[in-house]
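Chains as they are written, first to last, in our numbering: chain B, 1 to 293; chain V, 294 to 700; chain X, 701 to 1314.
Treat each hint with caution, since some may be false.
[Said to hold, decoys possible] To be clear about the criterion: a stretch of chain B counts as covered by chain V if any three or more of its residues have a C-beta under 8 Å from a C-beta of chain V, and this derived list gives those stretches:
1) 104-118
2) 187-195
3) 276-290
[Said to hold, decoys possible] Per the computed footprint, the stretches of chain X lying under chain V, defined by three or more beta-carbons under 8 Å from a beta-carbon of chain V, are:
4) 977-990
5) 1215-1223
6) 1284-1296
These are calculated hints, taken from the structure and not from any lab test. Where a beta carbon is used, it is the ideal one built from N, C-alpha and C, also for glycine.
What follows is the residue order along each chain.
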Amino acid sequence: MNVGPRMNGEKLDITCDSGPQLSERPMGTGKDLRISEFIDQDDERSVILQASQGIMLGPSGDERLDEALERIAGAGVDGIIMNRGLANRYSRIFRGRNSPAMIMSLDWTNAFRGSDHLLPMMRLEHLVLTTVEDALTLGASGVSAYFFVGYEKDEYEARNFESLAAICRECDDLEVPLLVQAIPVGERVVKENYAECLALASRMAVEAGSDLVAVPYAGTEGEMKRIVTAAKVPTLLLDLELRLAEGQPDLGLVQAAGQALDAGSSGIVLGRRYLEAENVVEAERLIRLVHGG
Amino acid sequence: MDLGQEMRLNRIFDPKDGRAVVVAADHGMMLGPISGVQELGKTLEKVIEGKPDAILLSPGQAEDLCHLFMGRRAPSLLVRMDWTNAFRDRTYTLPVREMSFGPIATPRDALRLGAHAAVTYLFIGQEDEGQEAKHLALVSRYTAECARVGLPLIVEPIPFGPRVTKANNSELVAAAVRIAVEAGANALKVPYTGDPESFREVVKAAEGIPILVLGGYRALSRRDLLEVIAETIEVGGSGVVFGRNIVQASDPAGVLWDIRAVVHDGRSVREVVAGDALAKPMRLGVHPERCSGCLICTSVCSFYHEGVHDRNASRLRVEGEWPGPFRLTTCTQCERCVAACPKGALSRSSLGYISWESERCDLCGNCVAACPLRVVVIVDSKVKICDLCQGAPECVEWCSRNALGVI
Amino acid sequence: MNGLRGRGYAGRILHLHLPKVEKRCEELREEEAGLFLGGKGLGAHILYHNLKPGTDALSEDNILIFATSPLTGTIAPTANRFCIVTKSPLTGTFLDSHCGGSFGVGLKEAGFDALVIGGAAEALSILVIEDGEVDLRDAKWLRGMTTFETEKEVKRALGDGFQVACIGPAGERRAPIAGVFSEMRAAGRGGAGAVMGSKGLKAIVARGSESVGVYDREAFRRAAWIAHRMIRMHEVTARHLPQYGSDNILETINETGALPTRNFQTGIFESASEIAGKEWRKELWVRDTACGRCPISCSKVAVVKDGPYKVEFTDGPDYESIWSLGALCGVREKGAIARANELCDLYGVDTISVGNIVAYAMECFERGLLRKEDFDGLEPRFGSQEAMVALVDRISKGAGVGGLLQNGVKRISEKLSAERGDDTYLTFALHVKGLELPGYDPRAAQGMGLGYATSDRGGCHLRGYTAGQELLGYSGGANPHSTEGKAKLVIDRQNEKAVLDSSGMCFYAFLALTLKEVRMLVDAATGLGYGSSRNLERVGERIYNLTRLFNSREGFTSKDDVLPERLLREPMRTGPARGLVVNLEPMLKEYYRLRGWDEGGVPTQEKLRELGLA
């Protein structure tokens, strides 16, 4: 019995006889379907929990992660961002149609290692660990990647953008929605140019082909509005738990969320502190704020 | 099975009970624009109101109708990878003369359409064993690719062809299931073998791989449909894939509600079909113009009560000779017999079931005389009285003409 | 008391040698029942062991058997049937002719699984069987009555509850195409009615108080429920048949080029759509009826109110009758077809044979081989409803040219050929071994050709029915124009049918069921412990070999496993089968081989030993 070659990037030989090779269909609708798994169809908004920083920062607290994940899933988040190792271990919380969607984080960076971290960042590094194809194979509904502006060396921004573009191409090819977290970082970003840098980062991500963009608070509602309008794709407020840039505005998440929603944004990406038991009440409050009721 | 396949399978089979209610709507590719499939979008909107766990479509339709699958609460999407002419019997144009099948999409295509599983046939029993081998090879390639991309593969093993006879049919279903499982199927879609005992063998052959029973032609009776489903669940089946029974129904959502009640809520068929009618007094009703004179009702009446086939002992009567018309007379629960009994041997329960106590009876025959319809008879020193079979009248259950019913 | 009684069976066989009425009751033994089941099998077993080879079928030495099956009279679906087993006066072969009327139920309730009649009554009589007792009474008052009147009058005279098997005037005059009727259902093929007539029996009636019991009530109820349910859930038995009767297939058969038209001159009838089931339902059918215990109700009642042929009511007609009196004769008028069907039923003849005879006559006339003087002044052209009805009238009454024509296409063609020294008459006589061919042209379905050639009673479609797969696309279809694999298909279908014919159930039930359900029913009813479908299939194989032995003993050889000239030599002119003839030889060779018969088509000793027949 001729089973055919094992696939390793080779084109699959799906033929019955010596008939013509089946070529792949040019179009697909997978992106729309997958995005709808974490964007509520009624209000077109989303609350996503960022749970992928462990790979970048190390553990947070001695909380049992499976209990924490169940708790936040129970609170009603629409999606959870995870890297692949965690997804493998804690897949149970994604099972079934009422569970949050799994969004797989593709990249690694040391940008979040602040000055009080064990190994504080000395030079910004960013690399891609997981391919879009891997994420899809593992059952992800979407993928997430970072895009930074404000690098000391322009070359780093270029490389970040290049890898982002490659990810976008792969996402289009495989019909996987891409969420880009667009963040101004570093000393070149100051209070006066923060909003502009943010607008730049956001716009570049969108032009590269991302399907959703998450941005930190821009400073004023007006600035948020400008960014949201310019984005043309759903824009979420990103909960940054650290100061990553000189000029990063400082406002409590609840207030910032209120302004962002008024400005037309589509929801929030919650930071990983919402995995902690003491923060679940606030998480629920924020979810109600986004989805109403 | 790896993470992706497991995640996606769990969007089809409810993790709470491991079962699924799936609607197949891929007939258009196999049979043409049959009714229900003709304006598929409209039909599926009605279907979705019944909350199926998943819907099976051909790739073209999956693309056009993707909006129906948006959102987590929407049904999951299954996409068919292959095509066959095997089911085109004389009900459809160009009845099949030589069975053939072939691939029309790849697992990657399915993934790009956002599918949660791919579906493919596996035919066993063709004349040309070379064809069978080729088909198995094709399915194996599918399972390999599906595993690689994290998409579960649902295989539909079907005994079909000249080597399938009336003698080996249900054994072949079990064998075909086994072959599909060993080829790497993650779930199975299988025809019912007709009775639970033989289906249990099929479930055993699957060794834990979930089996969805498929429903072919449109059943005329909701009760039959649900009964078949309940039987498969009882012997270890994991749900259903019904096609024409749902897309061609006038009330697809209603049918689905009932199916879900049986599959996911564990309700009994009787409960679902009769509903609250079981709690009310009932009477028999007749549509004599539908009676074909087959006498099944009188036969089952005596068989149910006496264990032998004796038309004279039947509690209902069919009169008339060919060419008809036939006169159908049943008890109307008027209770004149109860009133006429001097010994109190006849009594009526709160739901209208009349019963006879032999110890009190002296066979005086007053009940027979009192019955205006002459459906009370005494045979072999026993009074034969219509007791509505304690709530599920046999004559009604067995009549294929809907000439008898319960009011 | 008897071991099999109450286990589906009555446990006894009634032997009579007329004109004496002393009954000889033989126990039906479990061993016999296990080997042959009932119906066709039981009848074949009795006939083979009791009939002298070479017996004239219409002499008093022929044996006439009425056989029921263990399921007859139970709630198994369609389990009403009985069969008549005898030597056929039309073909000289083994004959089993089946009927959906309730006579068999009456016979069993009277205490007998089978009735075996030898000898003959001295005058036209009616045989009365009641609760184990037998009486032979004068039936002068029934002479000349139609089948319908006979049954009605007999029931009126004798009282409630009697089941009747009777013959019409054609049977009385021993026309070899006469059938036996019960509740106006026909045991039509092969001339059983003539044998009954030759024994001086106008009618046989039976009544009794033995209710049919079963071995395991609970299991039987479940098996019967499952079988009924499968029939209710199957497209053909739940929709096509009840809606359009057996005629539901006519247009498809036509589209596949297999509808024999104008004496098998072609396979496509230009007016097929006018005689399709839909049209009958629209215009002529007033009611659905069913044989006893049948949930399918393929039968209809037709009433013709307008037109030259008024019919008060007639049964169906079914596909074969509509085809043989319609397309085969080129006739498209439903009223005429209904009227011809009525005549056949009332006078008691087989519609398939009659249609073929009329078509043969029409071809003779159109080819100038016979003239209107030969036809009492009629001009039988294809398509003429007047000629068709007039000829059917004469044939069913044996009047005028009907006296010759009622003998069947084989005898007619051989007589004409001998008288005129011209073999041409033989080349368009469409029969196998004397039994006229049914409504499937085998040039468009090769397997049917093999089926006709090897059927144990002559040209019959029901044994070896491959048309389901070849033309109707059932079960994955089969290429109708290929001969490959057809031998196996035919053998499987023949064996299955033999089981069915011995179990009391109908061909149509078997469209929805498999042998598994039949086996479940039989085991639960009888406790004989077949255990598997395969074991039951064995019984079918055994029966088919036994009937083959019978025919061999009567002198039939592989030379008789043949098809008419037209089908072997004249390529089909139109339609999907254009240019094809039946390629019988390779199929036949393969058939003998797979059956375990020698090259002459005789079951080998080894095969017979394997089946317990040697």
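Each hint tested on the structure:
| no. | hint | in the structure |
| --- | --- | --- |
| 1 | 104-118 | violated (count 0) |
| 2 | 187-195 | violated (count 0) |
| 3 | 276-290 | violated (count 0) |
| 4 | 977-990 | holds (count 4) |
| 5 | 1215-1223 | holds (count 4) |
| 6 | 1284-1296 | violated (count 0) |
Against the hints set out earlier in the document, violations occur for numbers 1, 2, 3, 6.
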